[in-house]
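**Student:** Quick note, the sequences are listed as chains D and Z, same order.
Sequence positions in the first sequence follow our numbering and run 1 to 151.
Sequence positions in the second sequence follow our numbering and run 1 to 615.
Hint data in this document are derived by calculation from the structure and do not stem from the laboratory.
A virtual CB, placed ideally from N, CA and C, is assigned to each residue, including glycine.
Do not rely on the hints blindly, as some may be mistaken.
Which chain Z residues face chain D? A few, computed with CB under 8 Å, are given here [what the hints assert, rightly or not]: (1) Glu-172; (2) Val-174; (3) Glu-284; (4) Ala-493.
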Amino acid sequence: MNRRPAVWILKERTVLTDSFEPVLWGLEEEGIPFEVHEAGDVPVIELGKQAANGSPLNVGIGISVHGELILHHRDLPMETPLFSLIAEHRQSVRLRHLGMNAARLVKGQALVFDNGETTPSSDGIYSTNTQDRSKELIDSILNEILRSYTK
Amino acid sequence: MEQTVMAYIAGVDVGNNTTEAAIAEVTKQGKISFLSSATVRTVGIKGTIQNAMGVIFALDTALKPMALQRKELSLILLNEATPVIGDVAMETITETVITESAMIGHNPGTPGGQGLGVGTTIAWDRAALAAPNQKWILVMPSSIDFREAAARINGLMNEGKEIVGAIIRNDEGVLIHNRLIRPIPIVDEVEHIDRVPLGMPAAVEVAPPGRAIEKLSNPYDIATIFNLDPDETRQIVPIARALMGIRSAVVIKTPKGDIQERRIPAGKLVFIGKNRKVQVQVEEGAEAIMACVGEISPLVEIQAEPGTNVGGMFEQVRRVMAELTDQPIQHITVRDVLAVDTFKPQRVLGALAGEYALGNAVGLAAMVETHKLPMQRLARKIEDEILVSCVVGGVEAEMAILGALTTPGTRAPLAMLDLGGGSTDAALILEDGVVHSIHLAGAGEMVTMLIDAELGLEDKELAENIKCYPLARVESLFHIRHEDGSVQYFEKAMDPKFFGKLAIVADSGILPFDAKAAMEKVVAVRQQAKRKVFVTNALRALTRVAPAGNIRLIQHVVLVGGSALDFEIPKMVSDALYEYGVVTGRANVRGTEGPRNAVATGLILGQRKAEKVEA
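All chains should be built: construct the whole structure from the sequences, respecting the hints.
**Tutor:** So, in structure tokens, the structure goes:
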């Protein structure tokens with residue numbers, strides 16, 4: 001089989017390409033080719049892992065019917081993907097960053113981070129972004145306080 | 001013959017950074033056997049009462065493995081600490097100023113297209129009015145989506161308008177480029193897009209991946225593009241220099257556009273000798289300053305101009321020393337300086353994409369010396385605290401060389417280099433036991449300052465770590481590549497935040513950090529900083545203590561002090577001294593302690609000598 005070097009994106013059959021386009025733009029801007037494949041309704045983490053295992057570049061993205069996204073790498077255990085993006089956090093810029101990170105993972109360049117992405121914790125070697133999340137919370141509280149002052 | 005224990009004695013060396021202790025057992029016959037040693041951090045500035053805490057902690061640490069109590073010690077010997085403190089400062093002597101933004105030179109990760117485009121800058125919303133028989137460079141704000149941008153540029157091209165390049169705010173250079181019917185170079189991620197002058201002749205250049213721009217980094221190519229006369233060409237040299245080695249750039253010619261490399265007056269240093277006085281401007285550079293240090297001998301005092309960084313630093317060390325020794329500040333003088341030429345990345349004033357240019361700078365270390373540190377006060381304090389008699393032992397340099405001589409394979413005459421944090425000291429012991437010693441400004445702290453400045457870190461702790469440990473690059477989630485090219489794999493995946501970054505391989509694990517520079521550059525800066533300080537000072541110091549000022553007449557040099565533990569400094573010093581036929585190596589005090597504990601060991605040995613003489 002002729003396998004083109006590409007990041008694989010494995011989406012549940014009914015997911016529309018339009019819904020995750022920014023992921024593709026992120027990959028494109030970073031100059032890494034990708035292929036979109038379809039799969040049945042399996043847990044998103046498995047989609048991500050299957051995509052990574054299938055990709056000649058060892059990097060894959062899984063997209064579930066609920067809009068959840070997983071960035072996975074062939075060398076990582078199934079249960080600990082690199083990033084997962086839940087449906088509430090899928091703003092365009094975050095989708096774009098997920099695509100950029102998939103590309104940078106291939107290129108060996110430092111990744112971009114923003115709030116809301118979580119890296120699952122396993123034996124404490126992954127840092128979860130709790131700090132970022134609490135920072136987000138603090139920021140919103142601060143904003144509330146400031147707003148009440150300006151009233 | 002039965003050897004009964006007569007006493008346990010301790011030698012303690014309070015240094016700038018560490019407090020070291022050695023404990024020995026002395027028999028009736030006067031035989032000394034060393035039992036243990038310890039190294040802890042110094043508490044407070046060397047020579048102050050606060051040191052007592054560190055001293056007691058060092059003793060406890062050393063006593064613990066032998067299950068001895070403090071009160072079982074019969075004597076504590078304290079070093080006659082050299083009354084030397086050093087400090088460092090930096091004076092920037094050039095800066096790059098752009099008036100009327102004339103260039104954008106930066107390294108976005110992914111610019112679009114490649115090649116050179118020369119035309120006139122035009123705002124996005126005015127593009128429809130662009131004349132057809134002229135070349136244009138589009139300037140695009142962040143509000144424009146890349147699909148819209150590409151469609152519009154294609155439309156303009158179809159209308160016969162010559163769009164030859166684009167300057168954009170967003171990180172979408174590749175995305176736009178991939179959707180164009182005719183490729184153009186696109187410089188993206190330009191932070192201050194609103195400040196880009198419009199209606200002006202401009203050139204956009206993007207190099208292929210892995211290459212650096214060729215045209216806009218060459219003053220004569222810029223002259224060719226903009227029809228500059230020789231005078232104007234001279235003026236744009238700083239632009240070309242600032243754009244060297246990067247992948248994409250924009251140069252815009254504005255009527256009053258000007259970029260200057262400005263020299264900043266940095267004040268002067270005055271060297272006062274026994275019978276003459278020499279002045280030197282700091283901006284003349286390290287070579288001129290060090291020439292003065294060598295020229296005026298013996299030096300009595302060095303003064304710096306008040307109101308400059310160096311002047312402030314001089315004032316600071318003198319004040320600290322005055323407070324420390326309870327002397328009026330007028331009596332404290334700066335006795336030595338080490339000047340080093342260096343670079344400091346500085347934000348270009350008036351730049352459009354937050355560019356940095358390397359400004360020249362001079363790093364200076366100064367050293368003050370006085371007669372005696374109040375170590376007696378500290379000795380009394382320790383006596384009060386732990387009820388063991390405590391006396392101040394011999395001169396530090398003599399004790400250190402006595403300790404250094406316990407290194408297997410050494411004998412007098414022997415020279416010792418003490419590579420410390422605040423100062424570099426040298427001592428030479430002759431066959432008859434006479435010791436010459438010297439203290440010079442500039443040591444480990446100066447290396448840290450140079451690394452911090454040249455890499456633009458503004459983080460002393462990070463600079464210190466870069467100084468102390470080798471580097472690696474996190475190449476995948478599971479492996480790092482060390483600076484020597486070797487690869488290390490890990491069982492478990494690393495934090496994705498580490499991925500693709502440079503990391504310090506510390507004893508405690510790997511510490512990733514954000515570097516603007518490549519690994520090779522960081523390594524080069526680190527090694528140069530070490531050479532500039534320690535190799536220079538090793539030669540300077542040994543020349544001062546060597547017979548007839550000739551290093552070749554010294555045969556053996558041992559290295560002691562904290563910086564002798566560094567993973568590359570001993571080799572650098574050794575390489576430099578090898579040219580003089582000198583055998584150099586790291587001391588191994590008592591055959592067990594490495595370059596540490598020389599003074600503490602020497603104190604105990606020196607004490608026995610003194611007692612024998614008395615008897």
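**Student:** Next step is simple, just say for each hint if it's right about the structure.
**Tutor:** Hints and how they fare:
1. Below 8 Å, beta-carbon pairs count as interface contacts, and Glu-172 (chain Z) has one with chain D at about 6 Å; its hint therefore holds.
2. The beta carbon of Val-174 (chain Z) is positioned within 8 Å of a beta carbon in chain D (closest approach about 5 Å), and the interface hint is therefore held.
3. Evaluation of the Glu-284 (chain Z) hint against chain D yields a violated restraint, the C-beta minimum of about 41 Å exceeding 8 Å.
4. Restraint check, Ala-493 (chain Z) versus chain D: the minimum CB separation of about 6 Å is within 8 Å; hint holds.
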